[in-house]
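A.B. asks: Okay, here's what each chain looks like letter by letter:
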Amino acid sequence: MRREKTVKRIYAYVGGNPLSWFDSLGLSSLIYNPATGTITVVNGAGESVGSFPASNNAQTGSRGPWPAGDYSYGYHTSHPDDAVNSPFGSFGNYVFSVPGCIGCGVHSGRAMSTDRAGRSGVKYATNGCIRTTDAATGLINQLTQAGDPLTGLIVASVPVPTNLPSIDSSLSGGPTVYMPDVRP
Amino acid sequence: MNAKANSRCATFVLNLIMVIELLIGHSVEAAATLCSQEDAIKAETKASTLRSWHAVFNSYQNYNQCDDGAVSEGYSNSIALLLANDWSRIAELTNIFAAHPKFRHFVLHHVDELMSQDQAKLIQNNATSHCPKTSSRFCAALVKRLAEIPGS
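Top line first, the protein sequences correspond to chains A and B.
Under our numbering, the first sequence has 352 at position 164, and the numbering climbs by one with no breaks.
Under our numbering, the second sequence has 77 at position 29, and the numbering climbs by one with no breaks.
These are calculated hints, taken from the structure and not from any lab test.
Here the structure is a predicted model, which is why all the values come from computation and not from measurement.
Where hints are given, some of them may not hold.
Quick list of simulated restraints, FRET-style, between CB atoms [what the hints assert, rightly or not]: (1) E235/A <-> D134/B: 13 to 23 Å; (2) S260/A <-> T182/B: 48 to 58 Å; (3) S260/A <-> T81/B: 18 to 28 Å.
C-beta atoms are modelled at their ideal positions from N, C-alpha and C, and glycine is treated no differently.
So that you can see chain B by itself, here it is in the shape it has in the complex (with noise of 0.2 Å):
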């Protein structure tokens, strides 16, 4: 009868300490993809001024779970201003899409609304007339996401 009550406490408390582990690894997860407000006020204040895509790049990995409300503005205004006046370091984009293609969807994303007439036409250029045959998948995918953007 003891040696019963034994293994039942036993298995009660291996249970329990199973529960508990969940639990953390489950808190620990959702602390990870929260984003605190002084994250998000590091983000919002440089995301809009990231003249390159390495900057861009750094800032999606440190701050993504921030992308939403003036943070997403401010990375869309990145990207619409580096598509459409520095077409030259596309290269180095799809250089970086080539280890973390999830950053790819990110870059998508953000050719939105936001971005002006002027920078829609010029983008829907360099996508469509110098695009190096090393982004072309890019390029494709870029045509593509402008012609879905509603007003196009």
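This is chain A alone, in the form it adopts within the complex (with noise of 0.2 Å):
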């Protein structure tokens, strides 16, 4: 019972329905996977248009990695320096609402860099941001300048369902569950 109520707050952004992973208001959205270290970027259909590395090496003394939950967009900032070696990467920051963390959101940087600890690329340590590689936040960048802005991101632990259409409320029975799709 408990487990339930906890799954339907991290759903709510998806109308408590893991399987369905689209906005209804037809706007696009990210989902990160720790587990496989992938954000994947839904357009406003629902359709997986792109999977990409990614991960949330929070330093230490940072706030630490995002739980699992759901956290809604809210801004995106860019920098002089933005560049494919930059602490930001080349498309700036799009920033979350992420409880007790001031401008915690995904972007690129340090593709060609080590930090301290000997990680580099998106592994490159963050003060709690998620880090993804330049194509991830150009085809961000892509799907809002096409007129569908971010809205969302939801941080999960299971395997991303992708490519699901809506469900037609026309028809009668009871909506059809997709089996995630298992990759290789």
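Join the two chains into one complex using the hints; note that each chain is given alone, in its own frame.
C.D. replies: Listed below in structure tokens is the structure:
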């Protein structure tokens, strides 16, 4: 019973149904899976339009990695030095409402650097942000430019179902349950 | 009886005024330490591109309350670059410390895991082999801090 309540709270963003994974308002969203180290970009139609490496290596003393849950999108910041190897990558930082953290977002950067602990690329340490690739943030940027702005991010530890059609409520019977895609 | 009641009433009003003043004072103090979204955006936009210690100090004075998440990542980038590649400005930094000792803690706090391996080597070398006499205390603190960072 308690678990059910927790799951409902976590997936409130998608109407309490983790198998739908799309925003009924028709706006894009992100799904970060810490277990697989990937971030999936889902467009407003609920279709996965790309999956990219990502990491949430929050340094010691920071607020730590984002707990599983859903986070609403806040705002975007760009920086004068934005570039592939800069702290935030070529497309800036997409900031979400993360309780207790100011400016925690998704960005790329440090593509060709190695941090103090020997981690490089998306695994390069952050102060709480999720780091991904320029390809991922570039795609988010493209969707935004095309009128499909971000609305939220889900941190999920379960496999991500992709390419789900939206449920046609005019059909009789219960909604079809789509099994998650299994990737090798 | 009336005098007693008046006295009680006056005491109650005075206490109420004191409580209200305390609450107002507390909320003003809380507001001063909160980071608004507008401040967070302004701070983050510039935090990674501060190329002098005075620029870092000005940002610290204006947006220290926003030093978290991506803003903090930006400050760490600027501080690592200045310590690694612009060591000749170290006297400028220690002069600011003389008047603002809390800023020293801020700078040392941002010597962290976010610097690259190359930057860590350069800073270590600067602090041990090129430290001016006037900055010796800070150099010693910097070397100690570098040794404390996980992964070093």
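A.B. asks: What are the numbers of the hints the structure violates, in ascending order?
C.D. replies: 1
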